[in-house]
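Could you build all of it, start to finish, from the sequences and the hints given here?
As you go down the protein sequences, you meet chains X and C in turn. Start counting the first sequence at 1; every next residue gets the next number (the numbering used here). Start counting the second sequence at 1001; every next residue gets the next number (the numbering used here).
To be clear, the hints were calculated from the coordinates, so they are not data collected in a lab. Heads up, the beta-carbon is just placed ideally off N, CA and C, and yes, glycines get one too. Wrong hints could be hidden among the right ones.
Facing chain C, according to a computed beta carbon distance under 10 Å, are these residues of chain X, among others [to be verified]:
(1) Ala20
(2) Ala34
(3) Asn40
(4) Leu136
(5) Pro162
(6) Leu166
Each chain, written out:
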Amino acid sequence: MTTHSYTSRRELEEHSFNPAVAILVPLAAVVLQALLPRFNYRLAILELPLLITIFFAVSRRSPISGALTGAVIGLLADALTGQPIGVNGMSLTVIGYIAASIGVQVDVEAWTTRVLMNFLFSLGHSLLLFLIVKRLLGLSHEQLLWPYELLRAGVNTVVAMPIFLLLDRTKHIE
Amino acid sequence: MDSFLSRFRNALVLVGLLVVQAIGLAVQIRRPVESGAADSRNVTLARSWVVGLVSPVERLVHFAGHIVRFGWSNYIDLRNVRQQDVALEQQMAQLRLRQAALAEDALQGQRLQALLAFQEHYVASTVAAQVVGTSGSDLSRVLYLDKGAADGLRADMPVITPDGIVGKIRDIFPATAPHTAQVLLINDQTSGAGVILANTRIRAIVRGSTAGQVLITNLTQDDRIKPGEPVLTSGGDQIFPRGLPVGTVQSIVPDPTHQPYTILRVKPAANLFQLEEVLVITGTEPKLPAGVQAELATAAASTAAARAAAEKAVAEAAAARLAAEQQKQEEARSAAEIVADRLPSLTPPAADPSATAKPKATPGTPDAKEPGGAVPRPLPTLHSDRYSPGATPPASSLTPGGAAPPQPAPPPQTNPEP
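Structural data, given as structure tokens:
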């Protein structure tokens, strides 16, 4: 008789995804992010690539996987902008890595954790983008509008909840 | 060594990914990022792969949305269409009148420009395109069009709407997405355009900001600049033709970080946040296009005809008004004035130089235009004799002691000259 021994939360709750889901969901997030502001410019406040990066990172609970997921999604998003490719990529790489690392330590299935995590990661993403654009690209007139960034974090947190619930159905427990 | 790698594997992967991307960024920003110029070849290749992957989906969604909107607006939602039609016809009639009024000025301006050998660039050809996607980011304000290299679009072509300028073509993707072009909006932080303030004729550069505003930041304090002043393209950037509307000055505040400069916030003439269709200017020429010239000539001819008719009507109205006033004056004249007119005047007729040009009046009737100023002429004689006026020869023709000259024939029965 085979016996299993679980030594950590990571081994207990590590999830995997169907390859089609792992490819199509990030792609859909990037496409939707480019499409939605065409219908209403205020929808540019959404950060669907960020939300998808957080979800896959905390679900897989692997920092390497989270960093790679963030890098790929960020580079895809960058390619559609007029900015140099790598701005979003670097930011989402860091976010994916940290999200996966946190997912190992805490219960990311709880609502409170998800709300807090999405809010803070959204703020962190804005801060990272600001630093990259200001310091690496040298755009000196770049400004960080904190009220707007707080609003953006709140909106993305609200939007993240139903998306996470929907994507929870695509998980496979390993 | 193995234990080190296994222990810090995650961190090493993270650092590796960040370093690779940072190097990629460094390679890209070797070119100036401020100008909004197109990418280098390698970056364009990577970008075009992604655009080639995403743009078909965007076009599909756009097409589906177009079908739904078309069906709704053309077959279902037709309320108030007739009223709108009537209102539009009235508006069109007014616009035609305005066009006719402006056409002559335009032709005159063109003639004057030709005299001055001033090189104006008129929009010769445009390509209409629809917006199918955006960058999806507040940090980069770009749009994607459903027309691209296959439709004749090239980088740096200006993009406008009938309301004003929108931006310029930043990139095209001939290999992977020949029917897609990327537009850099004028409110992007890396964008810029040469402009001129319409009233004060001050030249400046508009730039975008992080918040998506259009700003002028290179002007010092000037009291002549007021909010509401129109801003037009100056043509100095060699991208936008001269004279296209950019927007209006919305506010003027001192720049706290760069004194003594000011920040002029410009309200864009085109709604940059809700663009559906745009025009890409694919060609300009120094002369007006032939079709436009013909339209202007037609409008100017109609204006001249209308002006001649109006002048004729004004002249007729003035003549009628003058006649009516004269008649009224005649009616208002008292009997004493009429008698006074008929009385002899001390004014000699020769004193009036115009008297010679006047037609002969009937005897006994004073000249109506010389009230009381002319002596009535004597009535003609019925039977002339030697005492009749004119029957006696002048003294200069007589010779002392000579024979009397023969009697002249009696004068005709006409009014003798005074």
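Consistency of the hints with the structure:
| no. | hint | result |
| --- | --- | --- |
| 1 | Ala20 | violated, 16 Å |
| 2 | Ala34 | holds, 4 Å |
| 3 | Asn40 | holds, 8 Å |
| 4 | Leu136 | holds, 6 Å |
| 5 | Pro162 | violated, 20 Å |
| 6 | Leu166 | violated, 20 Å |
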